[in-house]
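Q: Protein sequence lines, in the order shown, are assigned to chains A and B. Residue numbering for the first sequence follows this note's numbering, starting at 14 and increasing by one per position. Residue numbering for the second sequence follows this note's numbering, starting at 14 and increasing by one per position.
In short, the hints are calculated from the structure, not lab data. One or more of the hints may lead you astray.
[Said to hold, decoys possible] Away from chain B, derived, C-beta distances all over 10 Å, residues of chain A: (1) Arg35; (2) Gly49; (3) Arg137.
[As the list claims (entries may be wrong)] Taking lysine-lysine and the BS3-like style, the derived pairs with C-alpha atoms no more than 27 Å apart in a straight line are: (4) B:Lys114 - B:Lys138; (5) B:Lys44 - B:Lys117; (6) A:Lys44 - A:Lys138; (7) B:Lys114 - A:Lys114; (8) B:Lys114 - B:Lys44; (9) A:Lys114 - A:Lys138; (10) B:Lys117 - A:Lys138; (11) A:Lys114 - B:Lys138; (12) B:Lys44 - B:Lys138; (13) A:Lys117 - A:Lys44; (14) A:Lys138 - B:Lys114; (15) A:Lys44 - B:Lys114; (16) A:Lys44 - A:Lys114; (17) B:Lys117 - A:Lys114; (18) A:Lys117 - B:Lys114; (19) A:Lys117 - B:Lys138; (20) B:Lys44 - A:Lys114.
Don't be surprised by glycine CBs; every beta carbon is placed ideally from N, CA and C.
Number of protein chains: 2
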Amino acid sequence: MRMRAFQDFYPEHLAQCYGCGRLNEHGYRIKTFWDGDESLTLFTPQSFHTAVPGIVYGGLLASLIDCHSTGTAAAAMYRAEQREMDTLPAFRFVTGSLEVKYLKPTTLGPAIEIRGQVDEIRGRKVTVVSSIHVDGEVTVRGHVVAIQMPESFG
Amino acid sequence: MRMRAFQDFYPEHLAQCYGCGRLNEHGYRIKTFWDGDESLTLFTPQSFHTAVPGIVYGGLLASLIDCHSTGTAAAAMYRAEQREMDTLPAFRFVTGSLEVKYLKPTTLGPAIEIRGQVDEIRGRKVTVVSSIHVDGEVTVRGHVVAIQMPESFG
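Isolated chain A (complex conformation) (with noise of 0.2 Å):
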């Protein structure tokens, strides 16, 4: 039986993110899970996801922070209301902030970790803190804001 991801828990109309969600096929479809009290997504860039040559894109790295982080934010808020994730009414988190900062080159070619962390939960906002590493190296930093998406949204 393989584990579902955060994402395999987002409604249908919610998802078709071209980051995270799983009806986008042209998109990343990035999968999310809890390791611990950490958040954790594997994901291997393509060839053409070049900075320069041998180097990741950054606006790569930053778009995986952000669903990477509003994803953390959705799977926080049923764990803080000791709910499952296929329980109603489900959650999903819109980006109100998103800063990134780049420590050092990311290599382009394994496989990346973005790893996750809650730092606050405050009414419908959730602060994630982030990092992405990359042969044991930490090489980006992001902070996100994630807020509860409105009803109106979809």
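Position chain B relative to chain A; hints supplied.
A: Frame of chain A; chain B shown alone:
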């Protein structure tokens, strides 16, 4: 005679970026120009660049701000040195940090405008503030610290 964009002057070995490299045939290949003291990029997202249906994917918007800003940084450095962009040495910037605030949803469909202003040039660092406009409204604000690329890059 077609006006050349900032990105048309990037050295060939540094023109593979997924966001702004004219030689990356899978990428966005954005084109940025001066519009007075502002820099301007026009970009029309594709139908699958969705956050939710009808709304542009935030990771794409972050990517556009990123590459728009590094391009603006390069052009600003040439301006500061009163040099044309086809003169050597060539300026090329990487992103040190990227901050994006999503003020409201960006409608998917029309061309979006990314407008940038140089906030500060200090040594090898150029700070660029930018905004995304669609249908006459500002939907996103960005703040990028761009750093002149080390010689070892590419």
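Q: If a hint holds in the structure, say so; if it does not, say that too.
A: Against the structure, the hints:
no., hint, verdict
1, Arg35, "13 Å, holds"
2, Gly49, "26 Å, holds"
3, Arg137, "15 Å, holds"
4, B:Lys114 - B:Lys138, "22 Å, holds"
5, B:Lys44 - B:Lys117, "25 Å, holds"
6, A:Lys44 - A:Lys138, "22 Å, holds"
7, B:Lys114 - A:Lys114, "15 Å, holds"
8, B:Lys114 - B:Lys44, "23 Å, holds"
9, A:Lys114 - A:Lys138, "22 Å, holds"
10, B:Lys117 - A:Lys138, "16 Å, holds"
11, A:Lys114 - B:Lys138, "14 Å, holds"
12, B:Lys44 - B:Lys138, "22 Å, holds"
13, A:Lys117 - A:Lys44, "25 Å, holds"
14, A:Lys138 - B:Lys114, "14 Å, holds"
15, A:Lys44 - B:Lys114, "25 Å, holds"
16, A:Lys44 - A:Lys114, "23 Å, holds"
17, B:Lys117 - A:Lys114, "23 Å, holds"
18, A:Lys117 - B:Lys114, "23 Å, holds"
19, A:Lys117 - B:Lys138, "16 Å, holds"
20, B:Lys44 - A:Lys114, "24 Å, holds"
The structure fails none of the hints (numbered hints given earlier).
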